[in-house]
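Put the complex together from the two separate chains, hints included.
Quick note, the sequences are listed as chains A and B, same order.
Residue numbering for the first sequence follows the working numbering, starting at 1 and increasing by one per position.
Residue numbering for the second sequence follows the working numbering, starting at 1 and increasing by one per position.
Keep in mind that the hints are not guaranteed to be accurate.
Away from chain A, derived, C-beta distances all over 12 Å, residues of chain B [to be verified]:
#	residue
1	36
2	37
3	100
4	273
5	274
6	287
7	316
Below, a list of computed lysine to any residue pairs in the SDA-like style, where the Cα atoms sit at most 25 Å apart [unchecked claim]:
#	chain 1	residue 1	chain 2	residue 2
8	A	317	B	229
9	A	317	B	237
10	B	99	A	298
11	A	317	B	99
12	B	224	A	304
13	A	317	B	224
14	B	224	A	124
15	B	136	A	307
16	B	99	A	297
17	B	136	A	297
18	B	224	A	311
19	A	31	A	42
20	A	317	B	130
21	A	317	B	190
22	B	136	A	63
23	B	99	A	301
24	B	99	A	314
25	A	317	B	236
26	B	136	A	311
27	B	224	A	298
28	B	136	A	64
29	B	136	A	251
30	B	190	B	56
31	B	190	B	327
32	B	136	A	42
33	A	317	B	225
34	B	136	A	8
35	B	136	A	314
36	B	136	A	31
37	A	317	B	135
38	B	136	A	266
39	B	136	A	206
Note that these hints are calculated values from the structure, not bench results.
It should be emphasised that the depicted structure is a prediction, and the values quoted were computed from it without experimental measurement.
We put the CB at the ideal spot given by N, CA and C, even for glycine.
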Amino acid sequence: MSSKFYDGQLGFLALVNAVVIVASLFLVGPKFVGLYSMQSMATQVSELGLLALGVMLAMAAGRGGIDLSGIALANLSGVIAFNLAPQFATATDAPMLYCWVFAAISIVVGILGGAINGTLVGYAGLTPIIATLGTQMLFTGVAVGLTGGSALRLGYIPPLDDFANLPVMGVPISFALFLGIAFALAIVLRYTKYGMRLFLLGSNDVAARYAGIPVRRMYFITYTIAGMLASVAGIIIAARTSSVKWDYGTSYVMVAILIAVMAGVRPEGGYGRVICVVISACALQLMSSLFNFMHLSNFFRDCAWGLLLLLFLAASKVDLSMYLRFRTPVRPGRA
Amino acid sequence: MTDTTFGTASRDRENRFTQAIEWLARNPIAFPVLLICLVCLVVGAINPSFWQVANLFDILRASVVRGLFALGVLTVLAAGGLEVSFASIAALVMYSVTKFVVNYAPDLGILPILVMGAAGGTLCGMLNGMLVNWLKAPALIVTIGTQYAFRGIVLTFIGTSLFMNIPVSMDAFGQVNLMTITNSSEFEVKLPAYVLILVVAACVTWVILNRTLIGRAIYAVGGKPEIAERLGFRVPRVQLFVFSFAGMLAGIAGILHVSANRLANPFDLAGSELAVIAAVVLGGARITGGAGTVGGTMLGVLLITLVNNVLVLVGIPSTWQTAILGGFILFAGLFFTLTEKK
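Chain B extracted, bound-state conformation (with noise of 0.2 Å):
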């Protein structure tokens, strides 16, 4: 009798367990949120000093550039191809652009200057999905190769100094904030307006990818991308366009970048490609393609500002850092690739 009492139990347990996992399976975006949760609950119970609403104000801030990166990421992802040469394309866009408009029209307002970024961003990311096209390569060797490619360019024929007299309008845009308030130690923290410009791109990208026929066919061509041609989705298509939006985004941040730090510095932003990718990886995209959410994307890209600014507030110093990223992302692949197989 108290065996089988005993058996019942267990096994309801394992089924609410198995449950538990299929439901997490289904909804990948709660892995973030329960990350998310964790991360703050500890690092409040050992400091209670992380909740204030200036260090939401900081981690928003940085989310920003990151974010612009993680939404083009994903949307590669979600059709099927990695892209590594958005942080490339970011500085070359932003330090060409940004030293065009100094040298020749500086009175130029900050909408023609955002138009010419994601112009150029375009330009650069159409060049990697005729490339992808072309070559038939995969797309991060394609992308590792550009990647490189356009950070030399910018590196030999336009500069390497960084400079720090940006146009007016563009450090003015900077500077133009949503709310200020006072922390805790009579320091001014400030939610700067251009943290709305993720907030716009995020739905945008939301709308591409859930509603309409472009959307339909990046996850179709992501998932199978030999079916999908038989339906009559143009592959070739889809791929130039995932790309030039990813570039698109870039070459956005990048204006947004020299914005918010005030100079510009083509050396800046290279290296920032693994973070990134972590966070849309994060988010539940799964790297094989056809799959992925803007929101959960948007979560992955808060999870990994918050570890990046607030492990030093438990006293884990910054050198450990990409350790625990590198940690999260395998914790991650192992959870999604664990839970599909069931």
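For reference, chain A alone in the conformation it holds in the complex (with noise of 0.2 Å):
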């Protein structure tokens, strides 16, 4: 494997799944590792990946970026689809179209609430926190006032249902999507200028400006981009519970930082990998399960989430390179 491929955190946390699989293989036996309950986390995990790519991409941006406004936009955007499709298709006569029509909606909602924290971190140089704080609440609240704070039922739409549950060759459609963006992402974050000039950026923000980056313009497309992944995991939400509601998911914010954290993210800015990203959510979406299927409380879970996320921290924190080489040297520009 070429070094420029491989570095420690990759195989870190390579290590990190095979050590819950083995451990989930005694604690539970054969039956996690069994086709159903791998498409099962697959699907969950595409929306925990999107929603951590988007804290990804708004920590790797530096000036203590970080997008806490994911789920609520996710939410917001599964609301407002389901409000307007039906003025556009509906669901019984042209579910196709009404499918078609509630993903637009949901993209343009998302690009339109990416947009706005991006103009207020980019071009009105609110401070990440308060301006995805304030849009959190803004886009929660709507999505609340809308909603009159009760789930809305979709009902069963097939093509919606398909996309989330129905696995074309073994693999979810949606968790297919979720690779395809992820790839996507991975390539223009390491060829494009985009890219280049993002961890530039994040690495340091007044060297960027000296040198000519564009920082207004970057923080603007940067979190659209993060408001419009989130909106695609709105729509994997929507499809898969066949509901939209306003408090879907409210430990999703932590989640995806500690994904974030977890895939060696710097929450100063400057370093992320899209693809361990991805490995970090599957990791996180295997221990999940497995105390899904030990039987464990969803309270158990959260502090297990809190205690690893410090551990994480921690982690990040101890040089370990000189004795095992998990962690490189980090140099700014990898994605």
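Here you go:
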């Protein structure tokens, strides 16, 4: 393997995955790695993974970057699409058209929501924390207001349901979409001017400005992409649960950050790899499913996630590379 | 001639406008004051039943727990960090202390219980402070981690069921009133004595921030940590102090919450984080640290509670509260960022 692709973090994350799978074989038995359970994990990991990619982009852009509004925007885009889509197509007469309209509206909402974040951070100069905290409340609030606080049932719409639940050659479509998006993002970050500028910007925003990088536009684009990713997650959530509601996945804000930190994304900015985020999301989903199989409570899971986040923050401070060559020195500009 | 006069007039107006903006930038406390007046006038004009002492009592009572949280967040924010684990600390402390007292010392007075709450909160806060120092990661991310850990610990290991047989002393403490009045619909409205705890806490925080060396150190560390370090301030110690202080206030708030509601529910308080942070930000504290006043924060808390309590009076359904709060945060954030640049 060329050293450009492989680094310690990647190996470490693969190891975590392997350890969880082996542990689950002992604790749960072979049904854990059965096709059905793997497929259901794959659909769930897509939602989390997309949100975590958004967090990664925001963190990589630096200046205390973080996107706290991801899941709120995902839910809002589902809610708005639910309300607007019947204007263009009815689910019973033209289910396929309905689904495309639903998806299109969601993504437009995601891009708009992301653009609000991007404008606030990039052009108005708000701290990302305060901007995305405010929009998180705004998006959640609008979703609560529109739904009156209750879940809206989509009902059984075959194409939408298939999108989340029907595997094509063993792979759920939503999971394939997630991998496709991740791959595209990885290519963009590694081989385009945007990608190079993003990591430079995250490493040192003052230097980036003097180097002629359009800093404001960079923030704008980055948060807009994060918003779009969130809306795709929103579509998957709507498809998987056949409903939209404002408070789906309240812990996802934290879980998305956990995935990013586990993947070695530096909260200070300037470093992050898409493939690590994908593998880290898989590891988290495996653990989460393992807890489910073992009938551990959600509360225990929340507790474990909190401790895990602290553990990985600690792990990123300890330099083991001298002993194990686990982590290669951090270099900016790696996607 | 006409043209020139017109030109001067508009320039005058522009000057006055810039002056007003500059004045507001120097006195961020005016921001929540203006918003509070605006909300009161609008709500009062639409629904005159707003103008009652009973409403004021309600707002004060509802501000206590949020106010204590906000003072903690302010202190941490002034030192340059953002803390979001306070509600989990309060839930952990209130539930474990109440459960402990009910089971092992049901006759304990309110003072030892408050001390236990404060001590428990301080311990949790110290843990936060040590982790922030040690992990060298943004305080927000560290406290998101501890937020879930604390919450998970109380729900996994201590209990999930609410109980109403809280200790007698706590129950009695929640029922002590400073004043009782009868409102227009013949309903007795009380001003509970525990409001005083918020007043005391606000005064103590003010003294710490404005009249002590540690207060100077907090603002210095929040403003420019590298320079503060060179000036001889011990940054880790300051961090440890602010997180412990915030934890202590959260612990006390938890105990008050149980006394006021006469039941201990480990699921309570979760989800109140954003409103508290909103209050502190509306009060003029900068999210990047080094600024923020106790007065502004208290006004921010009043504003948030006001919005939460009175929107129903003007026919805005409570489901839109979160959206309005979000709008307020963005408005405040925009306002303070834009005035800072000038």
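Hint check results:
1. Taking the minimum C-beta to C-beta distance to chain A, about 19 Å, the non-interface status of residue 36 of chain B holds against the 12 Å cut.
2. Chain A leaves residue 37 of chain B outside its interface by the beta-carbon criterion, the shortest separation being 22 Å against a cut-off of 12 Å.
3. Non-interface call for residue 100 of chain B relative to chain A: holds, since the shortest CB-CB distance, roughly 20 Å, exceeds 12 Å.
4. Separation of residue 273 of chain B from chain A is inadequate, the least Cβ-Cβ distance of about 10 Å not exceeding the 12 Å criterion.
5. Listed as outside the interface, residue 274 of chain B is inconsistent with that label: its C-beta sits roughly 6 Å from the nearest C-beta of chain A, within the 12 Å cut-off.
6. Chain A draws residue 287 of chain B into its interface by the beta-carbon criterion, the shortest separation being 5 Å against a cut-off of 12 Å.
7. Listed as a non-interface residue, residue 316 of chain B fails to keep its Cβ farther than 12 Å from every Cβ of chain A; the least gap is roughly 9 Å.
8. As the CA atoms of residue 317 of chain A and residue 229 of chain B are separated by approximately 21 Å, the hinted pair is consistent with the 25 Å bound.
9. Between residue 317 of chain A and residue 237 of chain B the CA atoms are separated by roughly 20 Å; this keeps the pair inside 25 Å, and the hint holds.
10. For the hint pairing residue 99 of chain B with residue 298 of chain A, the CA-to-CA distance comes to about 22 Å; that is within 25 Å, so the pair holds.
11. A distance of roughly 38 Å separates the Cα atoms of residue 317 of chain A and residue 99 of chain B; the hinted pair therefore is violated under the 25 Å criterion.
12. At roughly 35 Å between alpha-carbon atoms, residue 224 of chain B and residue 304 of chain A are farther apart than 25 Å, so this suggested pair is violated.
13. Proposed proximity of residue 317 of chain A and residue 224 of chain B is supported: the alpha carbons are some 23 Å apart, at most 25 Å.
14. Restraint check for residue 224 of chain B and residue 124 of chain A: satisfied, since their Cα atoms lie roughly 23 Å apart, inside the 25 Å limit.
15. The hinted pair formed by residue 136 of chain B and residue 307 of chain A meets the criterion: a straight-line CA distance of about 16 Å does not exceed 25 Å.
16. For the suggested pair residue 99 of chain B and residue 297 of chain A, the alpha carbons sit about 21 Å apart, so the restraint of at most 25 Å is met.
17. For the proposed pair residue 136 of chain B and residue 297 of chain A, the alpha carbon gap of about 31 Å is over 25 Å, so the pair is violated.
18. Of the supplied pair hints, the one linking residue 224 of chain B and residue 311 of chain A is violated, its CA atoms being roughly 28 Å apart against a limit of 25 Å.
19. Proximity of residue 31 of chain A to residue 42 of chain A is assessed by CA-CA distance (about 15 Å); at most 25 Å being required, the pair is judged to hold.
20. A hinted pair counts as satisfied when its Cα atoms are at most 25 Å apart, and residue 317 of chain A with residue 130 of chain B qualifies at roughly 14 Å.
21. Proximity of residue 317 of chain A to residue 190 of chain B is assessed by CA-CA distance (about 53 Å); at most 25 Å being required, the pair is judged violated.
22. Taken as a hint, the residue 136 of chain B and residue 63 of chain A pair is honoured in the structure, with Cα atoms around 16 Å apart against an allowance of 25 Å.
23. Distance restraint check for residue 99 of chain B and residue 301 of chain A: the Cα-Cα separation of roughly 23 Å lies within the 25 Å cut-off, and the hinted pair is therefore satisfied.
24. As the CA atoms of residue 99 of chain B and residue 314 of chain A are separated by approximately 33 Å, the hinted pair breaks the 25 Å bound.
25. Taken as a hint, the residue 317 of chain A and residue 236 of chain B pair is honoured in the structure, with Cα atoms around 17 Å apart against an allowance of 25 Å.
26. The hinted pair formed by residue 136 of chain B and residue 311 of chain A meets the criterion: a straight-line CA distance of about 13 Å does not exceed 25 Å.
27. Between the alpha carbons of residue 224 of chain B and residue 298 of chain A the distance comes to roughly 41 Å, so the proposed pair goes past 25 Å and is violated.
28. For a cut-off of 25 Å, the pair hint linking residue 136 of chain B to residue 64 of chain A stands: about 13 Å separates their Cα positions.
29. With a C-alpha separation of about 24 Å, the suggested pair residue 136 of chain B and residue 251 of chain A falls inside the 25 Å cut-off, and the hint holds.
30. For the proposed pair residue 190 of chain B and residue 56 of chain B, the alpha carbon gap of about 10 Å is at most 25 Å, so the pair holds.
31. For the hint linking residue 190 of chain B to residue 327 of chain B, the alpha-carbon distance of about 32 Å lies beyond 25 Å, and the restraint is violated.
32. Between residue 136 of chain B and residue 42 of chain A the CA atoms are separated by roughly 34 Å; this puts the pair beyond 25 Å, and the hint is violated.
33. Restraint check for residue 317 of chain A and residue 225 of chain B: the C-alpha separation of about 20 Å stays at or below 25 Å, so the hint holds.
34. Of the pairs offered as hints, the one joining residue 136 of chain B and residue 8 of chain A holds, with about 21 Å between alpha carbons and a cut-off of 25 Å not exceeded.
35. As the CA atoms of residue 136 of chain B and residue 314 of chain A are separated by approximately 9 Å, the hinted pair is consistent with the 25 Å bound.
36. A hinted pair counts as satisfied when its Cα atoms are at most 25 Å apart, and residue 136 of chain B with residue 31 of chain A does not qualify at roughly 41 Å.
37. At most 25 Å may separate the alpha-carbon atoms for a hinted pair to count; residue 317 of chain A and residue 135 of chain B meet this at roughly 7 Å.
38. The suggested pairing of residue 136 of chain B with residue 266 of chain A holds, with an alpha-carbon distance near 11 Å, which does not exceed 25 Å.
39. Taking the CA atoms of residue 136 of chain B and residue 206 of chain A, the gap is near 22 Å; set against the 25 Å cutoff, the hint holds.
Of the numbered hints stated above, those contradicted by the structure are hints 4, 5, 6, 7, 11, 12, 17, 18, 21, 24, 27, 31, 32, 36, listed in ascending order.
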